[in-house]
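Note that the protein sequences, when read in sequence, are chains A and R. If you count the first sequence from 1, position 17 lands on 17 in my numbering, and the numbers rise without skipping. If you count the second sequence from 1, position 173 lands on 173 in my numbering, and the numbers rise without skipping.
Note that these hints are calculated values from the structure, not bench results. C-beta atoms are modelled at their ideal positions from N, C-alpha and C, and glycine is treated no differently. Heads up, a few of these hints could be off.
Claimed, not checked - To give a feel for the contact side, a few chain R residues facing chain A, derived at Cβ under 10 Å:
#1 Pro-134
#2 Arg-141
#3 Arg-215
#4 Glu-217
#5 Ala-220
#6 Gly-228
#7 Ser-294
#8 Gly-295
#9 Gly-326
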Amino acid sequence: MKFKCLATIWLLAVISAIGIASAQPRTRTATEPAVRRAAEADAMRLEGEKRFRANCGRCHAAPQKFPPRMMATIVRHMRVRATITDEDMRLVLYYMTQ
Amino acid sequence: MKCRQKNPRYRCVWASTVRRSRYFPLLVFLISAPLFAQTPASDSPVPILTGTAGYFNFVTAGQNEIDTQINPVLLVPLGDHWLVESRAEFEGVFQRPPDGGSYGGMVSKNLDYLQVDYIANPYLTVDVGRFLTPFGIFNERLYPIWIRSLQQDPLILPLSAESSDGMMLRGGFPVNAKVNLNYAAYVSAVSSAHNNSQSDRNVGGRMGVFLPRPRVEVGASWQKLFQGQRSNAFGFHFAWQPTRLPLNVHSEYARSNQGSGYWVDGAYRFSQVLFWQKAMRRLEFAGRAEQFFSGQISSDEAQALGLPGANTREGEFGLNYYLHDGLKAVASYGRQFSSVGNFNLWTVGIAYRFAVPLGRVGSQ
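Build the full structure now, drawing on both the sequences and the hints.
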């Protein structure tokens with residue numbers, strides 16, 4: 001009887017441990033990518049702003065933010081006109097549209 | 001790296017041979033072109049009508065001149081790699097006759113550029129058509145009235161053709177994390193003296209090195225004329241935007257048989273002053289110093305080209321007030337010194353930049 005009781009407690013403990021162990025990674029996968037994505041977006045915005053100031057700010061002040069489809073055209077035009085790099089263009093476009 | 005792991009004896013012989021090969025740039029071009037990501041439809045670029053409009057009063061040596069202009073720019077993107085772009089210039093210059101009476105003058109029309117750009121890969125863009133001559137930085141980058149800090153053209157601007165008709169290869173790419181390189185090489189095949197679309201037959205190029213960290217760019221330009229005296233022109237440019245100060249410094253030097261000279265231009269935005277911050281951050285102080293030295297052409301020929309007829313020095317300073325993003329009021333004073341005579345240059349005016357989508361853009 002005592003053995004059965006101990007075995008049941010042990011079994012419950014194992015099941016709980018497995019449950020907790022399996023639950024922890026699930027929580028991590030649900031929140032971590034979102035946090036990482038937000039951090040990446042912030043980093044890209046900051047980098048985009050830096051590239052904007054370095055490349056576009058050399059000639060003119062920051063213009064207002066236009067809708068993304070307009071900005072895509074303007075940035076393509078400026079890529080050709082100001083010979084900015086491909087990477088700078090993508091980061092500036094991200095900064096100006098987010 | 002992969003090839004070294006698979007077969008260490010060959011140590012990427014193929015890769016290094018290709019890298020050393022003169023065909024490497026061509027290979028990079030061919031391989032990288034298809035790697036461009038496709039733009040999602042919701043963010044695809046839309047045609048735009050943009051440009052500038054301005055009204056200015058120039059008083060030069062006591063002579064008042066009213067200058068009104070509108071410079072529309074049409075941008076039509078096609079797919080992920082193409083852009084058709086064009087800028088026209090409509091300018092009315094009106095003066096009062098010396099003996100009095102009402103203002104009179106004429107409206108000039110000019111096609112500054114009409115070009116098709118093909119963005120071949122991250123390193124290369126091919127332009128065909130009529131384009132702004134990439135000689136120095138003023139003509140291509142600082143010319144629009146809402147961008148330039150002082151409205152008077154630099155004295156040396158006419159030393160190179162403003163527009164050329166032909167083909168151009170250009171691009172910008174990072175050499176490493178600290179250095180970006182930009183270049184432009186062109187051939188202008190059409191010689192035209194037509195009033196609205198002047199161009200010369202010439203070949204030339206520009207190379208610039210940009211250091212993103214200190215925000216410094218230095219570069220050099222060269223142009224060889226294939227007509228007339230078949231002369232050479234060359235120039236250097238410099239641009240600096242300190243990271244700690246809202247200051248923009250630009251400078252150019254140019255030399256040809258028509259003359260030589262330089263200008264240095266600085267614009268300081270009062271965004272860091274501690275009083276009246278709301279108004280002061282919209283205010284900009286600009287100054288320019290320049291000098292022109294006559295070349296091997298006569299005074300009349302120089303003036304016909306828009307150059308001073310004699311050795312000239314000029315200093316100018318002014319204030320720009322940004323009423324909002326695309327609208328600024330300008331006022332400046334300058335003085336020109338030359339053997340022909342010294343005189344004052346006053347400018348007041350307003351410059352506006354507009355941008356209108358020619359398609360559905362959705363919400364911002």
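Interface hint outcome for Gly-295 of chain R [beta carbon to chain A under 10 Å]
The hint is violated - Gly-295 of chain R has no Cβ within 10 Å of chain A, the shortest such distance being about 29 Å.
Should the interface hint for Arg-215 of chain R be scored as holding, given a Cβ-Cβ cut-off of 10 Å against chain A?
Arg-215 of chain R check passes; min Cβ-Cβ to chain A is 5 Å, inside 10 Å.
Holds or violated: the hint that Glu-217 of chain R contacts chain A, with Cβ atoms closer than 10 Å.
holds, 7 Å
Let's test the interface hint: is any C-beta of chain A closer than 10 Å to that of Gly-228 of chain R?
For Gly-228 of chain R, the interface hint is violated, since the closest Cβ of chain A sits about 29 Å away, which is over 10 Å.
Using Cβ atoms only, decide whether Arg-141 of chain R comes closer than 10 Å to chain A, and label the hint accordingly.
It holds, given that the least Cβ distance between Arg-141 of chain R and chain A is near 5 Å, below 10 Å.
Holds or violated: Pro-134 of chain R as interface residue toward chain A, Cβ cutoff 10 Å?
The hint holds - Pro-134 of chain R has a Cβ within 10 Å of chain A, the shortest such distance being about 9 Å.
Hint validation: Ser-294 of chain R versus chain A, beta carbon distance must be below 10 Å. Holds or violated?
violated, 30 Å
Using Cβ atoms only, decide whether Gly-326 of chain R comes closer than 10 Å to chain A, and label the hint accordingly.
Hint on Gly-326 of chain R: holds, closest Cβ of chain A at ~7 Å, below 10 Å.
Residue hint Ala-220 of chain R, partner chain A, criterion CB-CB below 10 Å:
violated, 14 Å
Going down the numbered hints, you'll see the structure goes against 5, 6, 7, 8, while the others check out.
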